Amino acid sequence: MKKLGKQTLQLDNKPSILNTASIVGPKEMNGPLAKYFDKCVEDEFWGEASWEKAESKFIKETVSTALGKADISSQDVDYVFAGDLLNQCISSSFGIRDSNMPFFGLFGACSTFVEGLCLGSVFMDSGACKNILCATSSHFCSAEKQFRFPLELGNQRTPTSQWTVTGSGAAVLGKRDSGPYITHITPGMIVDLGIKDANNMGAAMAPAALSTLCAHFEDTGRAPDYYDAIITGDLGYLGKEILIDLAKTKGYDIASNYNDCGVLIFDKKKQDTHSGGSGCACIATVFSGYLYKMMLEGNIKKLLLIATGALTNSTTSQQGESIPGIAHAVSIEM
Amino acid sequence: MNPTDSPKEYNEYVTKKAPSSPILKDCFNAFWVGGLICCIGQLIFFYCKYKGLDQTSSSTIVSICLIALAVFLSAINVFNRIGKFAGAGSLIPITGFANSIVSPAMEYKSEGYVMGVGAKMFTVAGPVLVYGISASVIVGLIACFFI
Amino acid sequence: MEYFQSIDWMTMLYCFIVGGILCVIGQILIDKTKLTPARILVIYVTVGAVLGGIGIYQKLIDFAGCGATVPLTGFGANLAKGAIEAVKEQGLLGAFIGGVKACAGGIAAAVFFGYIASLVAKPKIKKQ
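Residue numbers (our numbering), protein chains in the order written: chain A, 1 to 334; chain B, 1001 to 1147; chain C, 2001 to 2128.
The set of hints was computed from the structure by calculation and includes no laboratory data.
Keep in mind the model is a prediction, meaning the values are calculated, not measured.
All C-beta atoms in this analysis are idealised placements derived from N, C-alpha and C, irrespective of residue type, glycine included.
A portion of the hints provided could be inaccurate.
Below, a sample of chain C positions facing chain A; criterion: calculated Cβ distance under 8 Å [said to hold, decoys possible]:
#: 1; residue: P2037
#: 2; residue: P2123
#: 3; residue: I2125
Okay, chain A solo, but in the shape it has when bound (with noise of 0.2 Å):
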């Protein structure tokens, strides 16, 4: 393992994704990434009694989807790394309570997939472990219910927010001579610059993306061109745009190859989310579903995975704290 520049960590024994999983709720399994995903629940509550619960048996039913496709048994797993957005990760904790895995929750908000896979390839690279399993999840509903407005209220969503993907996604890393291979990881920093509406994130989150990126670029020498695909986690269409916008001011072209998860998960047209999805769940069932398929095909040789996060709660935002943001990036090569 060798530090590059300020942020970046290139990684020797480079972990392999030995395999992923996504399972999504009602919403997803009509946009149009639906026939990538392992699994589509039409129910939001999955059976269960509460919107929680149901969230923490997608983060379950992944993680075991996951080790079922990797063809490992969960006492092969070294550690995980999980979080999601519920007050204390519980989604993650109690879905993996059960399990028998040594477990790290995370909290980095809708970076945590990503964050999870920086963290899980340095234990990787450390060679003392065999496999680490990386998951997150989000929930609509119950991300409604925790950070704005129940969800029979008529309110009127405005032009800018994002709708949180219901789902979970799961990664298994391991050691093995095919890739598709994490070589490099670029931690973030926590970028603020004043947006205070909750309804904004994209916006939010952007200047995060942009630091990740150019501290990427910087650190590795490599320019946007290097990639095939450089994929935010959920700055939706607004964020995206700003993203593009902000990256030229910086003396990188981005436009041709960048896209967002939520832009791809939804339909822009038919589904109204306004401007795209957003939550754990949504860099994380993009990547686990469809991203990783697309490496596998050969369609995507060279990714850059940058998964941005809002390091808000709503009594920060009742106080009117501005949203800080965060955002962490793993290059990911065949």
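Please build the complex by placing chains B and C on the supplied structure of chain A, with the hints as guidance.
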């Protein structure tokens, strides 16, 4: 000038870049839905008068009927669609007040009937009652000293 | 049929227009400011109580009927009106009793129906 130079510049840049609400369409929908709800109230009011009730009782019955209607529509998961379409058109009439009571009550049932339904019922409506009742007491006190 | 003949259609028209305009003001607040629904309702009920207290709102009620009483400003005006009337009858005590008494029907109905609904209904998400 670079939008990331300072929070002020970034906020200005974002405000310019962000799509704005379709205000004309929103206002039109709010106008006719809001007007219609008031007219339904007025029809009930005339009916009460026709049956010989006095002004105050008729008004109260109008409120109760519209509240019952809004609660029913919330319970069958329809009110939020009306609200999405009409915005303030369904929020500002007493229907919005009723919806703001029933929607958290339904949502927090999973936290139990006392601290869930009972307490959370007033997350939106509570402030309305606090400010409404306080204002009425102040008006009453002023009236008491000056009349 | 007799009921339909008893309807005053001009009041209906004023009701529609005034009720509609009060909602449009709220819509402008929603679209042009970052006010949450709770704040807008609080503003409406407080403004209604003030206008009711100084007697202006009653004129609007006389003109537009339910177009003025059904929006939440009417709820506020009714609270204030109740307090003033009770003060006239009972003095200081009336300031504390009158407002809630005048609106008791609406508050009790909202709480009771809301409770019943929460027992039988379940929230649902839009799938499309």
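Tested hints:
no. : hint  : verdict
1   : P2037 : 5 Å, holds
2   : P2123 : 4 Å, holds
3   : I2125 : 5 Å, holds
Checked against the numbered hints given earlier, the structure satisfies every one of them.
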